[in-house]
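A.B. asks: Sequence:
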Amino acid sequence: MGELRSRFRCWINRENIFVRQDLCGGTHKEGGRFRLVPETRPSLMIMTIVPNGKPAEHFARRPPALNFRQPQGRGWRDPLHSANRTKSACPNPPPMPHPVADVARPASDSRSVPAENQDRRVEIESHEPRNLIALAAYQVMLRVGWIFKTESVIMPAFLDAIAGAGWIRGFLPVLNRLGQSVPPMCFADSLRGIRVKKRALVTSSILMATPFLLLSAIWSGLEEPRQPWLPPLFLLLYLLFFCFTGLNQLAFGTVQGKLIRPHRRGRLMGWAGVAGSLAAVTAALLLLRPWLARPDNSGFGLVFLFNGAAFACAGLIAAVCVEPADDRRPRASIDIRRHVRKAWRVYRDDEAFRRAARVGMLFISSILLFPHYQWLGRTRLGTTNEDLIYWVVAQNLSVGVFSPLIGRIADRNGNRLAVRIAVFVASLTPLSALVLAAFDPETGRRWYWLTFVLLGLTPVTMRTIQNYTLELVDESQHPRYLSTMTVCFAMPFILSPFFGGLIDVLPYQIPFILVSVLIAAGGLFTFRMVEPRHRDRSPARPT
1 MGELRSRFRC
11 WINRENIFVR
21 QDLCGGTHKE
31 GGRFRLVPET
41 RPSLMIMTIV
51 PNGKPAEHFA
61 RRPPALNFRQ
71 PQGRGWRDPL
81 HSANRTKSAC
91 PNPPPMPHPV
101 ADVARPASDS
111 RSVPAENQDR
121 RVEIESHEPR
131 NLIALAAYQV
141 MLRVGWIFKT
151 ESVIMPAFLD
161 AIAGAGWIRG
171 FLPVLNRLGQ
181 SVPPMCFADS
191 LRGIRVKKRA
201 LVTSSILMAT
211 PFLLLSAIWS
221 GLEEPRQPWL
231 PPLFLLLYLL
241 FFCFTGLNQL
251 AFGTVQGKLI
261 RPHRRGRLMG
271 WAGVAGSLAA
281 VTAALLLLRP
291 WLARPDNSGF
301 GLVFLFNGAA
311 FACAGLIAAV
321 CVEPADDRRP
331 RASIDIRRHV
341 RKAWRVYRDD
351 EAFRRAARVG
361 MLFISSILLF
371 PHYQWLGRTR
381 LGTTNEDLIY
391 WVVAQNLSVG
401 VFSPLIGRIA
411 DRNGNRLAVR
421 IAVFVASLTP
431 LSALVLAAFD
441 PETGRRWYWL
451 TFVLLGLTPV
461 TMRTIQNYTL
471 ELVDESQHPR
481 YLSTMTVCFA
491 MPFILSPFFG
501 GLIDVLPYQI
511 PFILVSVLIA
521 AGGLFTFRMV
531 EPRHRDRSPA
541 RPT
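All residue numbers in the sequence shown are consecutive under the numbering used here, ending with 543.
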């Protein structure tokens with residue numbers, strides 16, 4: 001219901017109980033939320049909403065007469081304040097209609113679940129340490145596979161080896177976001193109907209391996225890489241991979257939202273970031289470096305074989321999670337128009353989500369440049385395949401550094417501040433590439449890896465935005481909100497092929513500066529976002 005004046009905080013909680021708190025007494029702030037202190041309960045009034053619309057008042061050691069509309073001007077004395085309350089004015093209170101400790105918990109707080117689900121919540125929290133380790137190990141293995149197909153280095157280099165045109169490179173981001181947006185949107189309701197969500201995570205991880213295992217077999221059997229049918233086939237497999245990746249990210253976010261409490265998700269991101277970076281960099285130095293150094297790009301077959309195997313192993317690790325089954329839900333049919341309407345309804349009706357989506361759409365424009373950073377290094381600084389390994393290592397080590405830093409900020413201060421810091425720093429990435437490309441080739445080539453250090457912020461920021469989205473709604477709505485956010489992430493990529501063509505015909509500085517401005521604008525929009533941990537939320541959300 002919002003605030004009445006500035007002294008009181010009022011709301012209707014999830015049990016239809018009207019609650020009014022005196023912020024000057026009876027409460028203290030913990031983790032950004034107001035929590036009742038049992039021994040100072042006199043500052044709370046509870047009203048039970050009855051069917052005839054006339055509320056029955058219940059008091060807890062406080063005067064029965066209270067005018068909610070009393071002004072708070074000069075000279076007004078608060079009847080609830082301990083200094084203005086007398087012992088004789090308080091009648092014996094009747095029994096409380098609902099335990100005070102259960103009022104007005106945020107939707108993402110485990111203590112707000114209905115009474116019949118308390119045992120399930122206790123079981124989930126009892127297995128949380130094991131699930132933290134299992135999900136962190138899952139992300140580590142996924143990162144080891146991912147470093148062998150980074151969008152900013154490996155994939156553009158392979159496409160240049162079989163094609164070479166800038167407009168073809170421009171298709172990589174649009175296929176990336178198309179695959180990660182439309183399939184999750186259509187699958188969101190079906191995922192809600194799956195009783196054990198980790199099964200979707202395991203299946204999608206194994207499916208992610210299939211395009212690269214197939215590509216490895218094809219590449220190993222070719223004698224001439226420049227085949228006219230190979231670029232279209234590669235783009236098709238690339239799209240198929242990201243369709244499975246989109247489903248995988250939706251499943252992971254849903255499993256994380258179910259098994260890990262909000263204030264520990266940053267810890268999960270930090271653990272996975274540090275361990276994943278060390279493991280991925282070690283694998284890259286031991287395997288990726290000699291494979292990329294092979295003549296005639298013959299090492300790409302081994303590269304794709306390895307990352308396909310790593311994705312399959314990650315799926316097996318996800319099966320270790322302990323997850324209680326959800327209640328049965330009817331399976332939803334895949335009707336694209338209906339899912340588009342639902343996604344639009346979420347964006348239209350939820351202002352907090354809409355503000356976060358605007359930040360996400362502006363920030364995600366950074367990926368428009370991903371295929372062109374290595375192109376800029378090759379054309380302006382004369383870099384070779386040997387430099388790719390250092391860029392990959394720099395990018396993955398930076399993920400390991402940024403993940404615990406951003407995750408700790410998110411756990412302590414909320415995801416909004418973490419997103420704000422990450423977006424503003426990420427806006428410097430295109431500018432750093434331009435500055436280094438302007439140096440003489442010898443100096444620029446030596447320091448160009450710094451650009452990829454800043455690129456490591458991109459996956460960390462995307463994960464933080466997804467964690468922010470999880471806190472906007474309760475568990476049942478996580479798939480719908482996550483899938484809608486991925487659709488918003490995809491919107492800027494409609495222009496990606498056109499953007500790649502601009503780099504071929506315009507001075508390359510213009511697109512890079514434009515993207516930097518868009519990302520910085522996203523940072524400014526974070527000041528309009530709300531922090532879910534610091535506000536009282538109504539449970540009413542679009543469904």
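Hints were generated in silico from the structure; no laboratory data involved.
Any given hint could be a false lead.
Stated by the list, open to error - Derived lysine to any residue pairs resembling SDA-like cross-links, with alpha carbons at most 25 Å apart:
hint, residue 1, residue 2
1, LYS258, ILE194
2, LYS258, TYR347
3, LYS258, GLU351
4, LYS258, ALA157
5, LYS258, ILE206
6, LYS342, VAL196
7, LYS258, ARG121
8, LYS342, ILE206
9, LYS258, ALA325
A.B. asks: Each hint needs a verdict: does it hold in this structure or not?
C.D. replies: Going down the list of hints, with the structure as the test:
1. LYS258 <-> ILE194: Within the cut-off at roughly 13 Å; holds.
2. LYS258 <-> TYR347: holds (23 Å)
3. LYS258 <-> GLU351: holds (24 Å)
4. LYS258 <-> ALA157: violated (39 Å)
5. LYS258 <-> ILE206: holds (22 Å)
6. LYS342 <-> VAL196: holds (24 Å)
7. LYS258 <-> ARG121: holds (9 Å)
8. LYS342 <-> ILE206: violated (29 Å)
9. LYS258 <-> ALA325: holds (11 Å)
Of the numbered hints listed earlier, those contradicted by the structure are 4, 8.
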